[in-house]
Structures are given as C-alpha cells and as structure tokens.
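Chemist: Build the full structure now, drawing on both the sequences and the hints.
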Amino acid sequence: MISRRRAAVYTVTDAPLPMSQDIGYRQRRYLISMGVRTVCFVAAVLAAAAGAPLWLAGLLVVGAVVLPYVSVVMANGGREPQPRVHFEDHQGIDRKAISGRPPEIGG
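Just so we're aligned: the sequence shown equals residues 38 to 144 in the working numbering.
If you are wondering where the hints come from, they were derived from the structure by calculation, not from laboratory data.
Don't take each hint at face value.
[Unchecked claim] Simulated DEER-style distance windows between Cβ atoms: (1) A45 / I69: 31 to 39 Å; (2) M71 / L93: 15 to 23 Å; (3) M111 / I142: 42 to 50 Å; (4) V103 / Y62: 16 to 24 Å; (5) Q58 / V103: 26 to 34 Å; (6) Y62 / L91: 35 to 43 Å; (7) I69 / W92: 23 to 31 Å; (8) Y67 / A45: 33 to 41 Å; (9) D59 / R138: 39 to 47 Å; (10) R66 / G95: 20 to 28 Å.
A quick note: this is a predicted structure, and the numbers were derived from the prediction, not measured.
Even for Gly, the Cβ is constructed at its ideal location relative to N, Cα and C.
Modeler: As structure tokens, this is what we get:
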C-alpha cells in the first residue's frame, strides 16, 4: 500500500490567545511572585527579631533575593504555549481519492 500525506488542516482553535490576554497573564504571575517575595522578606525580619533559628531567617532572605530574578525571567519568557485541540478525522478513512487532473488557474 502506498501511504499518502494528509493535508494540514488549520482550525480557529489553533489560534493563540490575543497579546493583551497573554500580557495580562504574565503581569499577574509577576505580581504574585513579587507578593511572595515581600512576604518572605517581612517574615525574615520578623523571624530574626523573634529569635527564630538563623537558618530559617537565612532561608527566607535567600527566597527574597532569588525570587526577583526568577520572576523577571518567567515574565519575559515570551508567549505561553497554548494547548491545541486535535480533531480526529474518522470519515477520512472511508473516503475515496479524487481522480483526474487538478483544475488550472486562469485556464
């Protein structure tokens, strides 16, 4: 049997999200990460003032220092990959090929 290539079919669902929605998503993710950073910093100060173990305050400070870098890299990482919907062509198996010459343009 000779295998045939199937033509690529593009659907409306293959379209990516609008840029405005993508930017909004990245902004929200960045702001949440910066909120976690602020909580880490405040918690480090409170833990050090309350006499908590030094390793706990140090861990919170490391989190407050590293999170801005990670947040910026994630926010500037570009558009998010979008899930694609794949339709299966169950009828294509039973279809017969069109015979004859393809139509000519302008002829």
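Chemist: Does the structure break any of the earlier hints, and which numbers would those be?
Modeler: Structure breaks no hint.
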